[in-house]
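First to last, the protein sequences are chains A and B. No gaps in the numbering here: position 142 of the first sequence is 142 in this note's numbering, and each next residue is one more. No gaps in the numbering here: position 141 of the second sequence is 141 in this note's numbering, and each next residue is one more.
Check the hints yourself; a few may be wrong.
To be verified - PhoX-like, lysine-lysine: derived pairs with alpha carbons at most 25 Å apart:
#1 B:K37 - B:K333
#2 A:K171 - A:K333
#3 A:K248 - B:K171
#4 A:K187 - B:K37
#5 B:K181 - A:K248
#6 B:K374 - A:K229
#7 A:K20 - A:K357
#8 B:K248 - A:K181
#9 A:K374 - A:K310
#10 B:K248 - B:K37
#11 B:K357 - A:K229
#12 B:K187 - A:K229
No lab work stands behind these hints, which were simulated from the structure alone.
There are 2 protein chains.
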Amino acid sequence: MNIPDTLAHRTAQVILTVRKSDGAPLANQNVTVTQRKHKFLFGNTAWEIIALANGGLKGEARAERINDRFFDLFNFATLPFYWGGFEPERGKPHTESIRKGAQAFVERGCVLKGHPLCWHTGTAPWLLDLSNAEILEAQIARIHRDVADFAGLIDMWDVINEAVIMPMFDKYDNGITRICKELGRIKTIRTMFNAARKTNPGAILLLNDFDVSSAFDILVEGCLEAGIKIDVIGIQSHMHQGYWGVEKTEWVLANFERFGLPIHFTETTIVSGDIMPAHIVDLNDFQVNEWPSTPEGEARQAEEIVTHYKTLLAHPLVEGITYWGMTDGGWLKAPGGFLTADGHPKPAYHALHDLVKGEWWLPPTTMTTDGEGKVQVTGFLGEYEVTCGEATAAFELESSGAAAVKVTLLR
Amino acid sequence: MNIPDTLAHRTAQVILTVRKSDGAPLANQNVTVTQRKHKFLFGNTAWEIIALANGGLKGEARAERINDRFFDLFNFATLPFYWGGFEPERGKPHTESIRKGAQAFVERGCVLKGHPLCWHTGTAPWLLDLSNAEILEAQIARIHRDVADFAGLIDMWDVINEAVIMPMFDKYDNGITRICKELGRIKTIRTMFNAARKTNPGAILLLNDFDVSSAFDILVEGCLEAGIKIDVIGIQSHMHQGYWGVEKTEWVLANFERFGLPIHFTETTIVSGDIMPAHIVDLNDFQVNEWPSTPEGEARQAEEIVTHYKTLLAHPLVEGITYWGMTDGGWLKAPGGFLTADGHPKPAYHALHDLVKGEWWLPPTTMTTDGEGKVQVTGFLGEYEVTCGEATAAFELESSGAAAVKVTLLR
């Protein structure tokens, strides 16, 4: 592998000692080392896979293509828990269909994150009939229930989404803005984090926001100073109004790196058509009949995605990137997918694949052990396999730098 | 007085019982009630008065005019403690000249505020030669020294100025940004507030910022949740790019009123000439050779100042407004004063005077006591005097609503 210095912290150099099943070194033999999985979380939404798992899109070629392309590139998925959609009628949550979807991802080795446990947008409309005390109680109960129901399948949650704007949100009345206005942001965050933590103490809990001004980093600081344990800072980056560029991306990272916490880019979109005008403040206000992808746009999107992923992986605190949507024509009809609306790969898909399963990936590589059964393996952090004939052993490159790993081949 | 409903909370209705020096009621007599002072803090900078007190502008008609106009309208002054100017050479602070200035204000009954104890802009340049630990130590020592030196004269401080931008400030390297970057905003604020509080436990301590986005209200929330006691929220409103208007002013107040803390508008400017273009982000970037005041601009400024003061006084949490500069041609050469550069009143001066010493002021008013020595006095909160011939007594309207006050006349 030819790894640039900027990504050295993503790789390990391991002296691998291969032993036969009887424990003796496998000396002077050819072995094949193959990467199986990235440690870095390459994510997407791909909710078509939930529909597939529930029989909804069965036999549809488009859905099958999305399914196959997803699993060939990604190892991480964000599943929808928007309260209004998840539990439109109080007491009748769509737990089972989401569970089937979650299982489909987990069977293919994906890590899952639930999104979101508390958000003002798209929250349950029936909250409006409750008092603030009852809304708060229902919100906490909802967290306890869903985090418990999915523990083991989903152990990572966007606990709160968009707390910066939450108490000021004025597009429409909703139960969550009501309680956030009353409690303030930090008490709201503390309450929701406590509820999630109590139910699943091992879960990874995120505070996620689209606001990348000082307001969000000051909110994170306020939460940490108030003793709230945030596991990961979640930063959205819907770039319908144009790719941020390296400078802005690094500026955003610099604002958050001082906390020393892991960072996820949780919702990334880069479009392959015209750019939404800069004067639009709430992206939802941009309503068009169609938003076509163009050949020039697709070339630009592919280039920008490569730059964006390289910039983010170069920062040691970034542990995951979730792209928002597999295909064109999703949210706002934007041409922001890796695949066409019909499920065929766009240049961006191939470009990212060339990194994730190309430049940053160790394909089956044959090497010869020395007299002590040793080979040197350099690769991206993740899961690996070494084989010799029919015998095989798994190993991991867990942390960057030099290390020694011993494996015993099993048939 | 004809007081609008919006200002009812600024007034009291008092049954005043007037007694003679022997304690008997002053029955059926004419008395004259006169307002002496507003409780509301009408402030300005007027640093010419410091120069006057130090003999610097002695005999200059312009300075004398500024002096007289100031004391005829204002009861509150903000004095400069910019570290770089106050202590250009380490260990040689300009304590005595500022003290003389402070005494001149206090002798005329003014409340004083020191500004600021900690700010990145204009801080001591010699901090750059120190380590971060030494800068922090020097900053804390500076607070202890200056707050102690002025206790009794100055018992109100802008402890931290512009903490929102402090760690990100990148115009030039400075010692305060260095330590704020290391400590974070909230720990920096806590450290400086603790130092000031420890030295003068009775002082009123402000957190002051020009940022009126969510970033500042989230910072205030973070400080309060972290247990920092902020006495007053200080909001700047330099409107060189045009008057905010009532809607924005009320929006800003609404963002901060949820904390229930007193609010000061600490630095207000409204210009009477052309408006600075909206694309300027840092007002300091707007450098012009001259910035003339115009007749239309002066009429507009007067109107806007009236609206702005009425809007702010209508909000019960606002306890003070400090206008930034007495005369035109100060900061940025802006025509933002109440007086011309030469010290003559502009329409804005007369307009504000008509409110503060007119509509909102009880001039000497003769009334007749009843058989029990009682009269009814309605007025703006503040200090009053009642006289009968040569005999006089002082009283205060301290809080809004109805009350009973008894005074004994003294010769």
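Going through the hints against the structure:
1. Note on K37 (chain B) and K333 (chain B): the hinted pairing is violated, with a Cα-Cα distance of about 32 Å set against a maximum of 25 Å.
2. Between K171 (chain A) and K333 (chain A) the alpha-carbon distance is near 21 Å, which keeps this suggested pair within the 25 Å criterion.
3. For the hint pairing K248 (chain A) with K171 (chain B), the CA-to-CA distance comes to about 18 Å; that is within 25 Å, so the pair holds.
4. Annotation: proposed proximity of K187 (chain A) to K37 (chain B) is violated, straight-line Cα distance about 42 Å (limit 25 Å).
5. Of the pairs offered as hints, the one joining K181 (chain B) and K248 (chain A) holds, with about 19 Å between alpha carbons and a cut-off of 25 Å not exceeded.
6. Of the pairs offered as hints, the one joining K374 (chain B) and K229 (chain A) is violated, with about 63 Å between alpha carbons and a cut-off of 25 Å exceeded.
7. Between K20 (chain A) and K357 (chain A), the direct Cα distance comes to roughly 30 Å. Violation of the 25 Å bound is thereby established for this hinted pair.
8. Of the supplied pair hints, the one linking K248 (chain B) and K181 (chain A) holds, its CA atoms being roughly 19 Å apart against a limit of 25 Å.
9. Taking the CA atoms of K374 (chain A) and K310 (chain A), the gap is near 32 Å; set against the 25 Å cutoff, the hint is violated.
10. Restraint check for K248 (chain B) and K37 (chain B): the C-alpha separation of about 30 Å exceeds 25 Å, so the hint is violated.
11. The hinted pair formed by K357 (chain B) and K229 (chain A) fails the criterion: a straight-line CA distance of about 54 Å is larger than 25 Å.
12. Distance restraint check for K187 (chain B) and K229 (chain A): the Cα-Cα separation of roughly 18 Å lies within the 25 Å cut-off, and the hinted pair is therefore satisfied.
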